[in-house]
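Student: Add chain B to chain A, keeping to what the hints say.
Chain by chain, the residues:
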Amino acid sequence: MAEVLVLVEQLDGSVKKVTSELLTLARSLGEPAAVWVGGGLDDAAAASLAEFGAATIYVADSADLSEFAVAPKAEVLAQLVAEKSPAAVLIASNAEGKEVAGRLAVKANSGVITDAVAVDSGFVATQSVFGGSTVVHSKVTKGTPIITVRPNSVAPEAAAGAGTKVAVSVALTDSAKKAKVTGRTVAAKGGRPELAEAAIVVSGGRGVGAAEGFGVIESLADSLGAAVGASRAATDAGWYPHQYQVGQTGKTVSPQLYIANGISGAIQHRAGMQTSKTIVVVNKDAEAPMFELADYGVVGDLFAVVPQLTEEIKKRTS
Amino acid sequence: MKIAVCVKQVPDTWAEKKLRSDDSTLDRESADGVMNELDEYAVEEALQIAEANSGEVTIVTMGPDRAAETVRKALSMGADAGIHLVDDSLHGSDAIATSYALAKVLEGRGFDLIIFGSESTDARMSVVPAMVAERLGVAQLTFAQKVNVAGSTVTIERATDYGYDTVEASTPAVISVVEKINEPRYPSFKGIMAAKKKPVESLGAGDAGIDGGQIGLSAAWSGVNDFAVRPPKAAGTVVTDEAGDGGIKIAEFLSAQKFI
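Here the protein sequences line up with chains A and B, keeping their order. Reminder that position 2 of the first sequence reads as 2 in my numbering, one-by-one numbering, no gaps. Take any residue in the second sequence, count from 1 to its spot, add 1000: that is its number in my numbering.
Pulled out of the complex, with its shape left as it was, chain B reads as follows:
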């Protein structure tokens, strides 16, 4: 079974994220880059499926040079190979362009499963897996809290607001996972050493057959008019519950605000 995992390098969760003043894109330079947290769960799920089905896991990323670190991290967890789509012309690509570029990289390689994290911690749109499924014309099995693979049949529990739906499809399929699904492994020292020798294919946009008119900031389907950093919230009232009437004080506040 051939499995691809699409991962994204994002600014460290703990870092202050900001937009660039020149082109309103995410400032990726000002913060350390890490693997998007939910993608670690995607890598783990792929490794578990591969272990149970004698599969092979390929890590796919799109991003600047340093996104290669994220591919290496996934390889050190145990994935077999990597593909890094890297091209200056991709800068500023929106979700539509990203899904197009990823689909071009993925198509024709015979992947049975393509696994994503269900959202990135920077853009938080959660649309790229669905868009890639749409573009490739394959089944969309997203927001999985459980994945079961039996031959060419894949069944997931899709997390919903009210519980979960059971959704079934045949491979090939696009899967996205939520964090409930597993506990990602930490790379072992042996894994880190082995990762250095694993193959990573570096592709430019042209190598992947990507039409330059469909990617990058100038081709984006939507644009930022303006943005502003929200001023820190004005300090509210904070009292210490010394007299043991803290609950009553909150009730008075809620009453004054017409909540009760």
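For reference, chain A alone in the conformation it holds in the complex:
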């Protein structure tokens, strides 16, 4: 069975959930092989890759791989594509993952599909485009299929793989060493899950009214173990930091549950969350377009409804 390469997403050595999802998907397409780029692969991380089915873990570990942005990952993958002729390469569909995929596609003279929400055994990818209004099935027609897959598209299922580590030596080209990462700044975020990966997202918009108003949104999110998102109206007003913006020029999320509070539902926002599995809407305006997407909606004052919901959740889960 041909290998399917999965580029591992990790932060400070811990494997992200999306990687388990991609390995689960890779098992349905061929033999999963994880690709770890950079240092820090400890036994726990290797065990987690094996747990979700990695037969092989390619480890490209040298200091300079982490010193430069994007390009080194594309070079490691391009080398593996050339040496191993995998059936496909799967990468998480986030900003960096898509750029790695793009550079890899150019290097490997292969087609690339981004933002897939499913991939079938014939490597046909399903995408949800134009803010979720159109479903497209597409296929790479030249070279090795390079597909980026959105977080939360596949339910991760454990199925042990051998997890055999294979060292890969890579000599980076000069061209991969042109953009040097000189610093990393982590914004204070508390203990909430990452927006793009979260199973539940609680968002606030114009109706939240002020930065202080996000307190009730955060409390609800914390009662559910959810990430907090914001509409562009809220981030443009400076009520919540830009990196939490959900929508066309912000993040695209696809959680199991999305709770939209005080968000009217402009097309820019819908484009970033329309593929959420279940959508709950709270808005005082019964005409808000957001209600068209709601599985459950309440027309009412979010400052009454949301705290009551938070209390009720705490009561039921304590």
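Everything labelled a hint here was simulated from the structure, so no lab data went into it. One thing to keep in mind: the hints can contain errors.
What follows is a set of in silico ranges between Cβ atoms, one per label pair, in the way DEER data are often shown [unchecked claim]:
id: 1; chain 1: B; residue 1: Gln-1257; chain 2: A; residue 2: Pro-307; range: 38 to 44 Å
id: 2; chain 1: B; residue 1: Val-1200; chain 2: A; residue 2: Gly-238; range: 53 to 59 Å
id: 3; chain 1: B; residue 1: Glu-1107; chain 2: A; residue 2: Ala-118; range: 37 to 43 Å
id: 4; chain 1: B; residue 1: Ser-1188; chain 2: A; residue 2: Glu-311; range: 52 to 58 Å
We treat Cβ as the ideally placed atom computed from N, Cα and C, and that holds for glycine.
Tutor: The following block gives chain B in isolation, referenced to the frame of chain A:
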């Protein structure tokens, strides 16, 4: 300092976007075309860098005849000149072909910086800037929320999920910007009048040395098998919070759905 800004004409954000039934490409005729919103931030950033470094800004676009409107808009904001790559053979080009065509137009012109918006609102792939950097073999400084130019050293804050990375490179470099970076200016009346006299070079694929076998729908590296417009979502339950128990009702719904 020579700066290029790559801009794209896209269907108006408010318009319903659809694919053509004949070749599954974006239907560009059925909606008004506007400059891709994030490209306005790219133009603004270029103008600010040019103003601080006695630079010159050239707008580059690839697209059908009417994409010239988008070049004019950028010129009316204050850019100096335009290049419009226009050729029927480009129709249906995917991201790989687009990056190839743009790289052919850009190479050899001595640009120190090539600036993009970080994504287009139609395709939303966010891959073309990285691909152009790869093709030109120059530094990739993308998803910038801040750009600092000091001589030939360019430092950006690259927006990440957890905050930002500081990334540094020497020119030439490809930059893409996120909307947090600035507030694009509106064209002034004077700017609109001046734009009419600014030079726009119209290039065919052959003029740019582009190999016709590498572009267009027939050369695409991936293809659409089929597509379907998703039916409108079935109406959910919407209740009015008259009794003041709206929060409890949502909790009951979440409980029934096994979220709590």
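Student: If a hint holds in the structure, say so; if it does not, say that too.
Tutor: Hints, verified against the model:
Between B:Gln-1257 and A:Pro-307 the Cβ separation comes to about 21 Å, which falls outside the hinted range of 38 to 44 Å. The hinted range of 53 to 59 Å is not satisfied by B:Val-1200 and A:Gly-238, whose Cβ atoms lie roughly 38 Å apart. Remark: the range hint 37 to 43 Å for B:Glu-1107 to A:Ala-118 is upheld by a beta-carbon distance near 38 Å. Distance hint check for B:Ser-1188 and A:Glu-311: the Cβ-Cβ separation is about 54 Å, which falls inside the suggested range of 52 to 58 Å.
Comparing the model with each numbered hint stated earlier shows that hints 1 and 2 do not hold.
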